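Model the placement of chain B on the given structure of chain A, informed by the hints.
Protein sequence lines, in the order shown, are assigned to chains A and B.
Last residue of the first sequence: number 175 in the working numbering, and the count goes up by one each step with no gaps.
Last residue of the second sequence: number 206 in the working numbering, and the count goes up by one each step with no gaps.
Hints in this document: simulated from the structure, not taken from any laboratory.
On a predicted model such as this, the values are computed, not experimentally measured, just so you know.
C-beta: ideal position from N, C-alpha, C; glycine also.
Certain hints may be false.
Residues from chain A that keep clear of chain B, each with C-beta distances beyond 10 Å, as calculated [said to hold, decoys possible]:
1) T74
2) R82
3) L94
Within a straight-line C-alpha distance of at most 30 Å, the following computed DSS-like cross-link-like pairs (lysine-lysine) qualify [what the hints assert, rightly or not]:
4) K182(B) with K67(B)
5) K67(B) with K40(A)
6) K27(A) with K40(A)
7) K118(B) with K67(B)
8) K40(A) with K28(A)
9) K67(B) with K78(B)
10) K30(A) with K40(A)
11) K27(A) with K182(B)
12) K118(B) with K182(B)
13) K67(B) with K30(A)
14) K28(A) with K67(B)
15) K78(B) with K182(B)
If you want the building blocks of each chain, they are given just below.
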Amino acid sequence: MNAAVMRIFASIIPVIFLLSFAFAAVKKVKVYDSFTEGVKGAIPLVCSIFPYIAAVMMLAKVFEASGLEDRLVTLLSPLFHRLGLPTEIAELVLIKPLSGSGSTAVLADIVTQYGVDSYIGRCACVVYGASETVFYIGAVYFADRKKKRLTAALVISLFVYFLSVVFCCLLCRVI
Amino acid sequence: MNTLFSVVFFLSCAVLLVLDPEGFLPAVLSGAGNAATLCLSLLASYAAWMGVMRLWEDSGVTRGVSKLLRPVVGRLFKVEQEETKRAIAMNLSANLLGVGGAATPYGIKAANLIEGEKNADYASSMLFVLSATSLQLIPTSVVAMRVSLGSACPSDVILPTLLATVLSTLLGAVFVRLFIPKGEKSAKKQASRSPFYQKKQGAGIE
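Excised from the complex, chain A in its bound form:
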């Protein structure tokens, strides 16, 4: 059954591509010309977001290297405990809004250490799956916009993220 489910997931993207090409051909679009024209836009797009990604990632690394991150994790552990969250996932919760690849590594650590089907492992998976790298989105989408007026939006996003983490762990206990 699992293999079948995975197959369906894996089919989504090829199906999207297939339908897009077929539909464009039916609509008499010059598929090759049109496709390459679109690809052309990728380079300026990446160039325009690179500085912001670089800044956020350097920040994340320095923060980690300075040991401040560990300090913060220790500091937050009692709070996690009181809210009924497993303290083992504190690091994941902290790093997920900052770095996608960093949080993937932390998630892999957690599930191998505590087991994929343990309560902690499932919590970690749900928290990881249900959240986005908030800072990355802010940096990329609003690359050269004034960031100041987005402070409120950033605070809202992070607050909602935290609420959803609590909710995730609750759900994992019930389901």
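Frame of chain A; chain B shown alone:
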């Protein structure tokens, strides 16, 4: 963002200076290196998706989808221009499908177009929060990881993930409604658009 960046960076540098001055540069460089690697893989994913996106534009899929979502987008974002609505509609649908590679270019385009709208503050906050809390129908990468680690039931995280993102998206939208004023901040027209965007208008992700 400026304050946050400065404070965290300053504190981290100060601590490193005291504890481990030699570790500072390697940390900065490895961060920058990560960014370079990420951008390279983003380039690959944008190249693939923006090609297909252009096909959607030219074959009228974009127009169809945005027509379908127009009422929702109009009510949620309070934007008026057709093109802005279209970019937002495509960003939302790509996010829903879990196609990050296509969602981001549309998101950037929408963020740029929103600058010219009347409710720019409100609409960009809404765009940010909805993207940051985005609905996740199928957490493909997590399920794949669980399969590879031999989980007894890899798909049992799908339901909680879906429920949690439904909750966070709703909460996010409600909070933006409540806390971000739908002000009449006068529209800053074309002039404030980035040079990057203007360059792209001719040949880019239109």
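Original post:
Out of the numbered hints, which ones does the structure contradict?
Top reply: Going through the list in order, the structure violates hint 11 alone and respects the others.
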